[in-house]
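I would like the entire structure built from these sequences, with the hints used as guidance.
To convert, count from 1 in the sequence shown and add 9; that's the numbering used here.
Be aware that one or more of the hints could be misleading.
[Claimed, not checked] Result set (DSSO-like, lysine-lysine): computed pairs, CA atoms no more than 30 Å apart in a straight line: (1) K289 x K177; (2) K118 x K237; (3) K118 x K302; (4) K236 x K194; (5) K194 x K237; (6) K90 x K67; (7) K169 x K118; (8) K236 x K289; (9) K302 x K90; (10) K90 x K118; (11) K236 x K169; (12) K241 x K169.
Source of the hints: derived by calculation from the structure; they are not laboratory data.
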Amino acid sequence: MPTFYETINVMQINIDHDDRMQRSETQILGDVPVDVHWITTADNTELAVTRIRPRRLKPLLFPAVLVHGTYTNRHFWISPKGIGMGAYLAEQGVDVWIPELRGHGLSPKGEAFSGITAQDQIYYDLPAIQDYIFQQTNVPAFWIGHSFGGLFIIAALSAKRLDQERVKGMVTLGSQISLGDRYLKIPPVAWALSGLLRVIGHLPSPTFGLGPEIEPAGVILETIRWKKLFGKWTDTDGFSYWEGLNNIRVPVLTYAAARDRNDPAEGCRRIHDAYGSADKIFMLLGRINRFSKDYDHVGMVVSREAQAEVWPDIAGWMMDRR
10 MPTFYETINV MQINIDHDDR MQRSETQILG DVPVDVHWIT TADNTELAVT RIRPRRLKPL
70 LFPAVLVHGT YTNRHFWISP KGIGMGAYLA EQGVDVWIPE LRGHGLSPKG EAFSGITAQD
130 QIYYDLPAIQ DYIFQQTNVP AFWIGHSFGG LFIIAALSAK RLDQERVKGM VTLGSQISLG
190 DRYLKIPPVA WALSGLLRVI GHLPSPTFGL GPEIEPAGVI LETIRWKKLF GKWTDTDGFS
250 YWEGLNNIRV PVLTYAAARD RNDPAEGCRR IHDAYGSADK IFMLLGRINR FSKDYDHVGM
310 VVSREAQAEV WPDIAGWMMD RR
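Right, dumping it as structure tokens:
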């Protein structure tokens, strides 16, 4: 069967292969045209997936899926002015897809917003996104995630919710679970925060300067369960995401930032070392590796230095494995 890129390189396909009606619209971010597709998950939740249109009439190379972390949305990858790593990769000929996890950005919050969990996003959102993009392209995609976006990709691969046959490679930036947020190790603090979240239904992230999006209480409560004293990185049935890491065999590029206080480099390294992949690279973004500075959690993606050093590195790594 010919791939999308062998038959048509610049036209949009909006056919829904499972016969469910989907809607889409074209938007302009700065001077970058994008198409937004709304898809439906297996648990009947609507998600927005933004596809960056190629600016020039040249063959698309391969699809890449860029997954945001907590407290944010698609604008982490492409700003309203059309600037960001997503736009850069599209300029290089990559077919860029930017999903927004349930309750974020253009994905509706809905009445059940407070009950959204990380497991919902891992077990329902990411598989639906993978299915839709593969239906449109018929080509395995690279998956790129920052912070919890990367952690969710890792967990979905570990739990076999993402099909590795349709994953060309994985890039994570500042994604880990074992370190950081030390205050959650103090039981009274974890209990108090959990109780408050259940009352208000969300974490008011913008108020605390964490990001532009409020975060569902369910996601934060799950994070507390993972990170609290004697906490375990498991799903609600007890499956340990650690156990499946050895079964991840796709090529992996792991970035950790030397000055990351949110997700320390050592935690990123622990997950990286557990992968079963024969093709895996760990990169510490800091002066010790001749980068221009010691990067922090956000700056490893969103900064002028990252634009010059990190974005091209990711593009080159994918080009070598296409």
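Quiz item: Is the hinted pair K236 and K289 satisfied, with a Cα-Cα distance of at most 30 Å?
Solution: With a Cα-Cα distance of about 26 Å, the restraint between K236 and K289 holds, given a limit of 30 Å.
Quiz item: Is the hinted pair K236 and K194 satisfied, with a Cα-Cα distance of at most 30 Å?
Solution: Roughly 7 Å separates the two Cα atoms, so the pair holds.
Quiz item: Straight-line Cα separation of K169 and K118 no greater than 30 Å?
Solution: 27 Å, holds
Exercise. Starting from K194, check that the Cα of K237 is at most 30 Å away, please.
Key: 5 Å, holds
Quiz item: Are the Cα positions of K118 and K237 separated by 30 Å at most?
Solution: 27 Å, holds
Self-check item: Straight-line alpha-carbon gap K118 to K302, limit 30 Å
Solution: Violated - the C-alpha atoms of K302 and K118 are around 38 Å apart, more than 30 Å.
Quiz item: Between K289 and K177, is the straight-line Cα distance small enough, at 30 Å or below?
Solution: 13 Å, holds
Exercise. Take the C-alpha atoms of K90 and K118, compute the straight-line distance between them, and say whether it is at most 30 Å.
Key: The hint holds at about 24 Å.
Self-check item: Satisfaction of hint between K169 and K241, Cα-Cα up to 30 Å
Solution: With a Cα-Cα distance of about 19 Å, the restraint between K241 and K169 holds, given a limit of 30 Å.
Quiz item: Between K236 and K169, does the CA-CA distance stay at or below 30 Å?
Solution: With Cα atoms ~23 Å apart, K236 and K169 stay inside 30 Å; holds.
Self-check item: Straight-line alpha-carbon gap K90 to K67, limit 30 Å
Solution: 23 Å, holds
Quiz item: Is K302 within 30 Å of K90, Cα to Cα?
Solution: This hinted pair holds, its Cα atoms lying about 26 Å apart.
In this structure, only the earlier hint numbered 3 is contradicted, and the remaining ones agree with it.
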